[in-house]
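Residue numbers (the working numbering), protein chains in the order written: chain W, 362 to 704; chain A, 362 to 704; chain D, 362 to 704.
Treat each hint with caution, since some may be false.
Treat identical chains as interchangeable: a pair holds within one or across any two.
Claimed, not checked - Distance condition first, Cα-Cα at most 30 Å in a straight line; then the derived DSS-like pairs of lysine-lysine: (1) K524 x K553; (2) K364 x K602; (3) K475 x K375; (4) K509 x K655; (5) K495 x K704; (6) K602 x K590; (7) K601 x K695; (8) K414 x K601; (9) K602 x K555; (10) K524 x K509; (11) K490 x K602; (12) K602 x K553; (13) K364 x K509; (14) K688 x K514; (15) K414 x K524; (16) K519 x K481; (17) K524 x K375; (18) K379 x K495; (19) K475 x K590; (20) K602 x K704; (21) K490 x K509; (22) K495 x K414; (23) K414 x K688; (24) K704 x K364; (25) K475 x K495.
No lab work stands behind these hints, which were simulated from the structure alone.
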Amino acid sequence: MTKENIGNFFEDYKIGMKFNHPTPRSLGNGERAIYQSLYPNRFSIYSSDLFAKSCGYSMIPMDNLIVFHTIFGKSVPDISLNAVANLAYFQGRFFSPVYDGDTLFSVSEVIGLKQNSNGKSGLVYVNTKGFNQKNDLVLEYVRCVMVKKNDLKLPAPKTLIPKLENVVDPNSFFLPNEVNFSNYDFDLAGSKNKFSDYDIGEEINHIDAVTLEEAEHMMATRLWQNNSKVHFDKTIRDDKKRLIYGGHIISTGRALSFNGLENAQVMIAINGGTHSGPAFSGDTVFAKSQILDKFENISESIGAVRINLVVAKKDNVDNQSYLKEIKESSIVLKFDYWALMPK
Amino acid sequence: MTKENIGNFFEDYKIGMKFNHPTPRSLGNGERAIYQSLYPNRFSIYSSDLFAKSCGYSMIPMDNLIVFHTIFGKSVPDISLNAVANLAYFQGRFFSPVYDGDTLFSVSEVIGLKQNSNGKSGLVYVNTKGFNQKNDLVLEYVRCVMVKKNDLKLPAPKTLIPKLENVVDPNSFFLPNEVNFSNYDFDLAGSKNKFSDYDIGEEINHIDAVTLEEAEHMMATRLWQNNSKVHFDKTIRDDKKRLIYGGHIISTGRALSFNGLENAQVMIAINGGTHSGPAFSGDTVFAKSQILDKFENISESIGAVRINLVVAKKDNVDNQSYLKEIKESSIVLKFDYWALMPK
Amino acid sequence: MTKENIGNFFEDYKIGMKFNHPTPRSLGNGERAIYQSLYPNRFSIYSSDLFAKSCGYSMIPMDNLIVFHTIFGKSVPDISLNAVANLAYFQGRFFSPVYDGDTLFSVSEVIGLKQNSNGKSGLVYVNTKGFNQKNDLVLEYVRCVMVKKNDLKLPAPKTLIPKLENVVDPNSFFLPNEVNFSNYDFDLAGSKNKFSDYDIGEEINHIDAVTLEEAEHMMATRLWQNNSKVHFDKTIRDDKKRLIYGGHIISTGRALSFNGLENAQVMIAINGGTHSGPAFSGDTVFAKSQILDKFENISESIGAVRINLVVAKKDNVDNQSYLKEIKESSIVLKFDYWALMPK
Chain W
362 MTKENIGNFF EDYKIGMKFN HPTPRSLGNG ERAIYQSLYP NRFSIYSSDL
412 FAKSCGYSMI PMDNLIVFHT IFGKSVPDIS LNAVANLAYF QGRFFSPVYD
462 GDTLFSVSEV IGLKQNSNGK SGLVYVNTKG FNQKNDLVLE YVRCVMVKKN
512 DLKLPAPKTL IPKLENVVDP NSFFLPNEVN FSNYDFDLAG SKNKFSDYDI
562 GEEINHIDAV TLEEAEHMMA TRLWQNNSKV HFDKTIRDDK KRLIYGGHII
612 STGRALSFNG LENAQVMIAI NGGTHSGPAF SGDTVFAKSQ ILDKFENISE
662 SIGAVRINLV VAKKDNVDNQ SYLKEIKESS IVLKFDYWAL MPK
Chain A
362 MTKENIGNFF EDYKIGMKFN HPTPRSLGNG ERAIYQSLYP NRFSIYSSDL
412 FAKSCGYSMI PMDNLIVFHT IFGKSVPDIS LNAVANLAYF QGRFFSPVYD
462 GDTLFSVSEV IGLKQNSNGK SGLVYVNTKG FNQKNDLVLE YVRCVMVKKN
512 DLKLPAPKTL IPKLENVVDP NSFFLPNEVN FSNYDFDLAG SKNKFSDYDI
562 GEEINHIDAV TLEEAEHMMA TRLWQNNSKV HFDKTIRDDK KRLIYGGHII
612 STGRALSFNG LENAQVMIAI NGGTHSGPAF SGDTVFAKSQ ILDKFENISE
662 SIGAVRINLV VAKKDNVDNQ SYLKEIKESS IVLKFDYWAL MPK
Chain D
362 MTKENIGNFF EDYKIGMKFN HPTPRSLGNG ERAIYQSLYP NRFSIYSSDL
412 FAKSCGYSMI PMDNLIVFHT IFGKSVPDIS LNAVANLAYF QGRFFSPVYD
462 GDTLFSVSEV IGLKQNSNGK SGLVYVNTKG FNQKNDLVLE YVRCVMVKKN
512 DLKLPAPKTL IPKLENVVDP NSFFLPNEVN FSNYDFDLAG SKNKFSDYDI
562 GEEINHIDAV TLEEAEHMMA TRLWQNNSKV HFDKTIRDDK KRLIYGGHII
612 STGRALSFNG LENAQVMIAI NGGTHSGPAF SGDTVFAKSQ ILDKFENISE
662 SIGAVRINLV VAKKDNVDNQ SYLKEIKESS IVLKFDYWAL MPK
């Protein structure tokens with residue numbers, strides 16, 4: 362028996378199967394600083410200890426995407442080492458804030474299976490939860506991934522597609538007790554636009570763009586201990602390119618969205634996300650957001666806006682028009698989330 | 362009205378206008394470690410907690426260039442988003458040391474304006490100050506930047522060019538109370554050369570060179586939350602190149618200068634600085650310094666040397682001769698500063 | 362007399378000569394986080410504060426290779442600035458664990474000399490020791506480096522080749538008092554394979570591979586303050602390539618070896634190491650290990666396995682066969698070490 366882990370194949374997954382993912386992970390100022398060096402973040406809660414405290418946090422918290430990438434990364438060796446594609450995220454909710462020195466754990470349960478008609482792969486739905494060292498829930502989400510089948514002679518499992526909501530109900534949000542925007546400093550945050558200034562349907566072009574680099578997305582992928590081969594080894598794909606890590610695109614887009622969404626500080630829920638197309642080193646990506654919905658009744662000082670973030674490749678021909686309409690073929694990410702915003 | 366910030370244009374600036382720049386920033390060991398991974402620093406005060414304490418600091422301080430880049434970065438969205446060129450720095454002075462956990466704020470005031478004769482741009486002079494969370498001043502400097510004019514029909518403002526000294530008067534230095542070099546360990550610092558060993562006019566060739574990389578200067582630029590487009594987006598310039606961030610060149614040059622200036626540990630003032638030419642990924646840069654002046658009367662154990670740091674591109678033809686005379690066209694930075702040195 | 366350090370030449374070394382290497386270095390969470398972003402580590406003792414404590418450590422320790430690279434880096438300015446080649450490591454032993462906030466010092470003594478027959482260079486053997494701020498020994502190893510001779514007219518020194526053991530005797534291991542694997546959680550560590558599951562002679566193919574990047578190995582080299590020119594300056598070598606820093610290869614290989622050696626957590630001794638061939642940016646490297654020996658009698662809960670780690674370049678032609686036999690010409694590192702493993 363070989364000792365190396367070659368990962369699970371489609372036929373290995375059964376409904377109800379649970380994974381206690383290895384390699385717990387402590388996070389600190391070092392991880393936050395690298396995150397800042399990889400993404401052009403300027404959301405002030407995640408930049409300033411004082412600003413975070415003025416919003417009720419005990420200290421500067423981890424960006425919720427740091428939490429997402431860490432918990433996701435732990436699930437890769439058990440869930441997606443033989444993935445053909447990482448199809449989508451659903452129903453993500455963030456719970457207790459994560460602080461310097463916290464240690465995160467990740468567990469998953471198989472909640473859906475559907476073999477593809479070609480018999481060579483199948484969809485696996487997992488519910489993944491993240492906890493801190495006090496066993497407080499920090500994150501929960503569902504992920505759908507297409508996994509290779511190894512032994513094609515084995516029968517297909519019974520199809521079960523879980524019921525998934527398109528939108529996380531704002532009434533189910535977990536608002537950290539400490540969070541309070543009644544002393545929010547709009548000047549220091551970088552914009553006077555508050556909850557009431559955003560209209561449903563409104564579009565925001567975030568102006569800036571970033572040309573992607575191999576070293577940067579590989580550093581990110583390793584930082585979250587995600588060991589998916591295609592991001593590191595150029596010999597894997599036929600085109601001899603390394604696929605940019607999807608979490609790198611999410612964080613790049615979210616950071617770019619600061620310009621115009623300065624006060625959409627805290628990602629509180631992920632309604633859905635799809636990596637619509639691949640990105641490679643040398644591609645230049647930009648971001649656009651649309652306000653899909655609003656929910657006023659979070660607390661006296663806080664509302665929530667539902668935002669559809671699109672990240673796309675910039676076509677060089679015309680630097681201005683790319684913002685007006687985005688060609689479907691240039692889109693690399695669609696990410697639908699709720700963010701807390703001061704009233 | 363759009364929500365995204367497209368930045369100010371020349372006509373938006375008025376003498377006396379004040380900016381309270383957004384996004385306060387907490388710094389810690391993570392930021393210091395990334396700085397170490399980006400620049401070949403070996404100045405021992407910034408490397409060792411024990412060495413720093415032996416020089417009177419309460420703990421290892423932030424490199425003064427970390428402070429400079431952080432405060433500068435905050436000013437970019439308000440001051441230089443539509444800059445044609447970042448022309449020069451003047452009259453910089455460092456004040457209270459910055460330590461792990463400190464949070465920095467940045468404010469600027471417009472002190473000079475001069476429209477260019479072509480009417481399409483103009484010079485903006487700003488005085489920028491940085492403060493920590495206790496409201497202690499940590500840095501003050503003047504910057505001159507050439508900014509695009511947007512509405513060319515608007516009249517030119519009255520020209521006002523501020524009086525700027527070429528050299529910071531050593532009598533105006535702020536010597537942190539704690540700093541004391543009477544127990545200075547020259548062996549551990551890497552050189553026995555002390556204040557009295559340097560002569561005015563003396564030149565030092567720092568030997569080493571570094572080939573520049575996109576990932577590295579972009580990580581630096583983001584670490585200080587500087588959102589200037591030309592460093593990130595290769596589609597901006599006609600030559601489809603990303604301009605290396607100027608702060609990356611300053612820090613590279615200063616770190617290279619360790620070899621020969623091992624004991625010029627603490628940058629205490631910036632007399633002037635100019636980014637003389639652009640640098641791009643793949644360029645190999647080296648550094649040379651000349652002692653311009655000396656000031657003995659700082660304290661019993663400390664003197665100050667005025668250093669002219671030149672960073673230039675290395676011409677491949679002859680690896681030895683490049684140090685002897687530097688072609689003006691290969692120079693990317695001229696940086697004139699005062700450093701504290703043990704007597 | 363010039364102030365810049367051009368390094369020592371072969372003729373400068375004498376048997377018994379001692380170096381108190383400059384630039385003490387404090388390490389913290391920032392350095393650990395960058396290490397995680399550069400290498401695909403998943404060893405749980407170095408990832409989780411809780412896991413480290415469950416193994417008896419007072420907190421998460423520094424990876425022993427962080428300690429090795431830091432101590433080694435300090436020796437470069439005195440020992441190998443004019444190295445033709447870094448030939449080999451011998452008899453390395455790790456002592457007190459290093460924790461966040463510790464400051465490391467490095468000293469070396471010349472223990473062997475042999476001029477090459479061409480008279481242009483010679484072998485220098487140094488014994489290098491690392492200490493923390495409490496003067497506790499943290500590492501000791503011997504290194505053999507080939508150094509250029511500058512003044513070829515000088516006579517050859519008397520040849521002295523030190524007696525070096527091929528293997529560190531496990532009875533001489535320093536087991537940190539705190540380390541205890543009796544509560545070891547194999548599930549969280551990522552594998553149930555324990556000391557008794559590994560057989561002498563067994564080979565493990567670690568599956569994953571990494572394509573190397575300039576930015577990444579240069580960041581590593583600077584992080585440990587190693588100023589060897591060939592890693593930074595592309596104009597140095599005739600082929601205009603930057604040589605990948607050897608420590609980057611060691612850490613890459615060790616991290617890749619997690620897959621199959623999940624519980625070989627703590628590197629306790631280095632029997633020998635050789636950088637067999639150069640690696641350059643764009644090369645894709647993979648790792649293979651063989652169990653060379655086992656030593657049971659460390660403690661009730663701990664054994665030691667002797668591992669021969671080989672890192673080699675992946676030939677693109679056939680992605681599967683490369684694991685079966687590795688061509689000698691593709692090998693870049695042979696690294697023979699002892700690791701502690703739970704029983």
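Intra/inter-copy verdict for K379 and K495 if alpha-carbon distance must be at most 30 Å:
Within one copy, since 21 Å is at most 30 Å while 47 Å is not.
Are the CA atoms of K414 and K688 at most 30 Å apart within a copy, between copies, both, or neither?
neither (42 Å within a copy, 52 Å between copies)
When no copy is specified for K414 and K601, does a C-alpha distance of 30 Å or less occur within a copy, between copies, both, or neither?
Neither. Shortest intra-copy (47 Å) and inter-copy (42 Å) distances fail the 30 Å Cα cut-off.
Same-copy or cross-copy closeness of K414 to K524 [CA-CA at most 30 Å]:
Neither way: K414 and K524 sit 39 Å apart in one copy and 41 Å across, limit 30 Å.
Within a copy, between copies, both or neither: which one fits K524 and K375 at a CA-CA cutoff of 30 Å?
So K524 and K375 pass the 30 Å test inside one copy only (17 Å; across, 59 Å).
Tell me, please, which holds for K475 and K375 at an alpha-carbon limit of 30 Å: within, between, both or neither?
The answer is within: 11 Å in one copy meets 30 Å, while 65 Å across copies does not.
30 Å Cα threshold - placement of K509 relative to K364:
within (21 Å within a copy, 45 Å between copies)
Indicate which option fits the pair K495, K414 if close means a Cα-Cα distance not exceeding 30 Å: within, between, both or neither.
Both ways: K495 and K414 sit 22 Å apart in one copy and 15 Å across, limit 30 Å.
Within, between, both or neither, where K475 and K495 count as close if Cα-Cα is 30 Å or less
neither (36 Å within a copy, 59 Å between copies)
Give the relationship of K475 and K590 under a CA distance limit of 30 Å: within one copy only, between copies only, both, or neither.
This pair counts as within: shortest intra-copy Cα distance 24 Å, inter-copy 45 Å.
If the cut is 30 Å between Cα atoms, do K490 and K509 qualify within a copy, between copies, both or neither?
Classified as within; 24 Å inside a copy, 50 Å across copies.
As a check of your reading, is K519 near K481 (CA-CA no more than 30 Å) within one copy, between copies, both or neither?
within (16 Å within a copy, 70 Å between copies)
Comparing the model with each earlier hint shows violations of hints 1, 4, 8, 9, 11, 12, 14, 15, 20, 23 and 25; every other hint is respected.
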